[in-house]
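Asks: Model the full assembly from the supplied sequences, consistent with the hints where possible.
Each chain, written out:
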Amino acid sequence: MSPIIEVRGLSVVFDGFRALDGVDLTVERGELRFLIGPNGAGKTTLIDVVTGLTRPASGEVLLAGRSLTGLREHQIVRLGVGRTFQTSVVFEELTVLENLDLAAAFRRPLLSLARRRRGVSETVAEALETTGLAGLADRPAGVLSHGQRQWLEIGMLLAQRPEVLLLDEPVAGMSRAERERTGELLTSVARDRTVIVVEHDMEFLRRYASQVTVLHEGRVLAEGSVEEVRGDPRVQEVYIGRRKDDAVSAGS
Amino acid sequence: MNAVTNLARLRGPGIFAVVAALALVVAPLALEPFRLGLLAKYLCFAIVALGIGLAWGQGGMLTLGQGVFFGLGGYAMGMHLKLVEASSLPSSGSSSGGGPALPDFMVWSGVEELPALWAPFADPVFALAMVVAGPVLIATVLGLLVFRQRVRGAYFAILTQALAAAFVILLVGQQGLTGGTNGLTNFFELFGRDLADDSTQRGLYIVVALVLGVLYLGARQLVNSRFGRLLVAVRDGEDRVRFLGYDPAVVKTIVFAISAGMAGLAGALFVPVVGIISPALLGVVPSLELVVAVAVGGRFALAGAVLGAVVMGYAKTSFSEQFADGWLYLQGALFILVMTLAPKGLVGLAASAREALAARRRPAVPASRTVKEIA
Amino acid sequence: MRNSVWRSGAALAALAIALAACGGEAPANESGAAAGGDDTIKVGILHSLSGTMAISEVTVRDAELLAIEEINKAGGVLGKQLVPVVEDGASDWPTFAEKATKLIRQDKVATTFGGWTSASRKAMLPVFERSKALLWYPVQYEGLESSPYIFYTGATTNQQIIPGLDYLKEQGKKKLFLVGSDYVFPRTANKIIKAYAAANGMEILGEEYTPLGHTEYGTLTNKVVQAKPDAVFNTLNGDSNVAFFKQLKSAGVTAEEMPVLSVSVAEEEVTGIGVDNIAGHPVAWNYYQTTDTPANKKFVEAFKARYGAAKVTSDPMEAGYNAVYLWAEAVKKAGTVEVEAVRKAAGGIALERPEGLVTIDGENQHMYKTARIGIIQPDGLIKEVWNSGEPIKPDPYLKGYPWASGLAAG
Amino acid sequence: MEAFVNQLPIGISIGAVLLLIALGLTFTFGQMGVINMAHGEFIMAGAYTAYLLQDLTGRMAVIVALPVAFAVAGLMGLILERTAIRHFYGRPLDTLLLTWGVSLVLQQLARDLFGAPNVQVQAPAWLQGGIGTLPYNRLFIFVLALLTVAGVWAYLNRTGQGRRMQAVMQNRGLAAVSGIDTGRVDQRTFFIGSGLAGVAGVALTLIGPVGPTLGTYYIVDAFLVVVAGGLGSLLGAVVAAAGLGLLNSYAEFWSDASLAKVIVFAVIVAFLQVRPQGLFVLRSRALS
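Those protein sequence lines, which keep their order, are chains A, B, C and D.
Read in order, the letters of the first sequence are residues 1 to 252 in the UniProt record's numbering.
Read in order, the letters of the second sequence are residues 1 to 375 in the UniProt record's numbering.
Read in order, the letters of the third sequence are residues 1 to 410 in the UniProt record's numbering.
Read in order, the letters of the fourth sequence are residues 1 to 288 in the UniProt record's numbering.
Hints are computed from structural coordinates only; laboratory data are not their basis.
None of these values were measured; they are calculated from a predicted model.
Don't take every hint at face value.
[What the hints assert, rightly or not] 25 Å max Cα-Cα, derived PhoX-like pairs, lysine-lysine:
(1) C:K108 / C:K332
(2) C:K175 / C:K194
(3) B:K316 / C:K333
(4) C:K42 / C:K399
(5) B:K316 / C:K332
(6) B:K41 / C:K132
(7) C:K108 / B:K41
[Said to hold, decoys possible] According to the in silico footprint, chain C covers these stretches of chain D (three or more CB under 8 Å from chain C):
(8) 2-14
(9) 122-129
(10) 145-152
(11) 198-209
(12) 240-252
Think of the CB as a built atom: it goes at the ideal place given N, C-alpha and C, for glycine as much as any other residue.
Replies: Structure representation (structure tokens):
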């Protein structure tokens, strides 16, 4: 059986600048994979390519053996790849419930959307429960706090029921307790699905990562367990070059 | 005063019933035929405005080319009426053999044979179908082309504006086919009824009002459905919607096509009501005027779009009757004021005014909130 | 929130309907008193006072109002004063139809003077025919029309286009280039010109149309210059004339080697085009400010006294001015303002007008008019260099011209 | 073949006119995202400036008017920016409608001030005549367009003001925290963009009518140039104007003026299929 995500020789060029330079990456089903690296390493760009937002100059991405090259964003979503964004984007004029409901409804035939929503589907109820936003279900998303928005976005991702979840700095700006909840949530999700997380928070990484890939200047610098990666002298050099004391610390 | 308070206490469906009763029963009885005809004209524009309200207010697509679709519907209807008339009046028939009779303007444009494009419009079913199908088809093709390439916002507005300009030039240039700048005029009957007759005009008015009512209810249904929520989501974050697994191009194209269909229908109704369809009605300026009307009424509410079209139509008639020169100033100034001071239009103003009133009645509500609502 | 939107929307809609109802009633009552009239007669004046056509039509309105004032000063018609009801067609054809309806149905005017573009006339025609009301249309036009409820006081094609061609032929111009705005009048005029040319051994080197309001004439000028015609027949309208003459001049074309005969450029347009750019080129009309008749002397003086010494008079203005007098004469003859009686009485009425003798042809409701070719002078006025000698019988369908037989019937 | 050669300078000169009328928009639309429908009326203001200056300067009016019209139209733009548009940043569609209202008012104002009929601006005597099919006044417009583009390029790339302007365009937030007074930059951008419209207006008096509706004849074309060229790209505007000018002239030569307009529109729609953001785009990583 082929790996769920396979990236082969991926390069991305922005106006002459090589944001990704021959990246190979394999993620197996059920993994909780972390992508780390200093700013400009190409983490977000990698996610962008996988989800169709950015077109690669060369190389390809395979989802369970099927090439995603040339597919549009929504088609990739429909194949089971969902993502969140660094700065969470939710629909402020819609209620929390409507946000989640839209995320869950994309597999319905278009015509059935013309009907008024009646009640709350199981998926949506579950997402409300998981994210702890049930009390705010009928408030417009515009009134949510920063942390609540991040939860809503995660909730929308869950409501999509994707095979692969890509999260871009999901815990930035969250409190310690919220981070823990997020970490546990991701761990439980990863039991039957695949999760790829871009994150800077070292403590979070240490607690929840099973596999870590380090990117630097558009290339894969190192790959392995948290301990292996931390022990890698090249990784230390990259980070120490920027920050004196702690190797990989919180912040962006 | 009492009546006003009572009116204010009515709820949504009740209001709709009152307005419907006013429009369908009171207006035809109270207004003399000339004024009723004007009201019918405003209601035709209100149908276009409803479509703009959907596309722009709900979907964020500022379409400055609705005149094109209005025209397609209007010409489809006009062509049918012309052909019916040509075949029923032997005097205006052509002297060139036994072919089908030619409409009057073709005779003086030197066209000798009925163009193939015209022939099928003699069939009322085909003509009526084309009234909606033509605009929908063109909007769908155009929508898929531009929305898939993520042409949006200002670009879309400018493109639709250029489309309107190009369409007018095309119509004017094909004089033998379209009647050129004159357009199509001089219609005598509609489905066997004399158009000059007051009772026909009253019947037409009722048809227009009914069509508007039905379309309004349909549009509301759509706005309140999941699709309507999706449309708002596309308006506010098209790129994000892609990552929810929807293709915004499809969503936008559907709504653009619906608004085009509405404009087409409005154009078809306009023709017998006003008695003319010409390129002057379809260009950039008339298209923009309708968008203005929607903004004045309140673009975020469908009722606002309808209200705006009626109010602006009425204002244009009455002000240009009193002081013609000042109309442009007034229209321009009104527009600047609405855009700067009341971006939600009359409907938004009314809503905040009521809230301010309610706040004064209930001093418990902090004043700052109402201030914020108004701003 | 949603309910509030509903509510306010409904309240305002109700208000609008109420307003419309009020608006409808007040003038109706008022007109009831004045229409059949104790001592006044209402007449409608319907021109574009705003929009692109206002430039031209406002001057015609001024001339018509002047005529009404003069008639009133002289005691009115049938002892009653004329009261003009002025409406704005707003350069928009459906608005013309709408305002015509208002004048007829609500103001109950005895007759209406109005229109300029063919499109506005075509839009109003069904309104007047079906209401059996009268329209006096004061501008030269493309012919092929003869509505029983419209009097045409401007020239039809055989009183302007064909004399223009006769003039060019007399001047020995054999090769013509046709330039026009893309609408009904130029296209019809050019069809007539082509038929005339075929019958008179003239050659048409090119026929070009530009959209109304077009201002880029580089390419067209190039086409004209390359074709090397003896003369250009110009049916461009409005602002396009300015761009065309400016660009033709800068391409080095002079009136001596390639005269451009215009049929839509009158005294008032000359300033905007720039005398420099157009002086020396011929135009074809039935009237110029310089036309030497006693009636014209009076007209020009009165017009300048009323509207300012800098104002010029032109053919459509004079035709509008005439229309009021012709109608008044017909009413006097009929003894009533009743439409059918006025129509019957109008045929054969002949008046000395600024352009010379004008006679109403009872058959087709057009006028007998004298054709005049003029040359634009450096002072911006137009000097007559040729005329048809006597008023030409109007022939809107060109039935009297064998070479045109293929045109009219279709 | 001769026709082809003759049409070339005509096409280029049409392109020069398009470039002049669109250049101001690369500032207001391109740099600031404001769809200024009153741009056409600023062009008109420039033309009337030349008309008014005639009384003082006679036939040299066209030359003297260039800087004056720049200032007049620029000032009008500045007033518009200060009083209204600055409340609308980030709402490009609303500015479109707002400025359309402004354009209506300005048109009527011109009608009341100068009368509805066209007025005449006399061209200097030395602009009469030409070389072959290329009249001197076309040549003048061509040179003027070149000089203006060069000036704009130098301003944007060789002065601190210009660089700040570009910085604000590329990242408003970042520019603001870097200590750039974005409000002031906006004013300057609008002043220059509108001023350039005034310059175009003066040039147009040489070849077209001068009347209250002057602006309406050019506004749609001007926007099409910017759309085809790419938002805020000077090079894009130059290439698009030249391309559209040539297309227009050849299309008109081989068909007619009406059809040429339709063809140009069709080509632009087709072109946007290939390059939806116009010829030259500045890339950005941000989501919407």
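Asks: Taking the hints in turn, state whether each one holds.
Replies: Cross-check of the supplied hints:
{"no.": "1", "hint": "C:K108 / C:K332", "verdict": "19 Å, holds"}
{"no.": "2", "hint": "C:K175 / C:K194", "verdict": "11 Å, holds"}
{"no.": "3", "hint": "B:K316 / C:K333", "verdict": "40 Å, violated"}
{"no.": "4", "hint": "C:K42 / C:K399", "verdict": "37 Å, violated"}
{"no.": "5", "hint": "B:K316 / C:K332", "verdict": "38 Å, violated"}
{"no.": "6", "hint": "B:K41 / C:K132", "verdict": "23 Å, holds"}
{"no.": "7", "hint": "C:K108 / B:K41", "verdict": "22 Å, holds"}
{"no.": "8", "hint": "2-14", "verdict": "holds (count 7)"}
{"no.": "9", "hint": "122-129", "verdict": "holds (count 5)"}
{"no.": "10", "hint": "145-152", "verdict": "violated (count 0)"}
{"no.": "11", "hint": "198-209", "verdict": "holds (count 4)"}
{"no.": "12", "hint": "240-252", "verdict": "holds (count 3)"}
Against the hints set out earlier in the document, violations occur for numbers 3, 4, 5 and 10.
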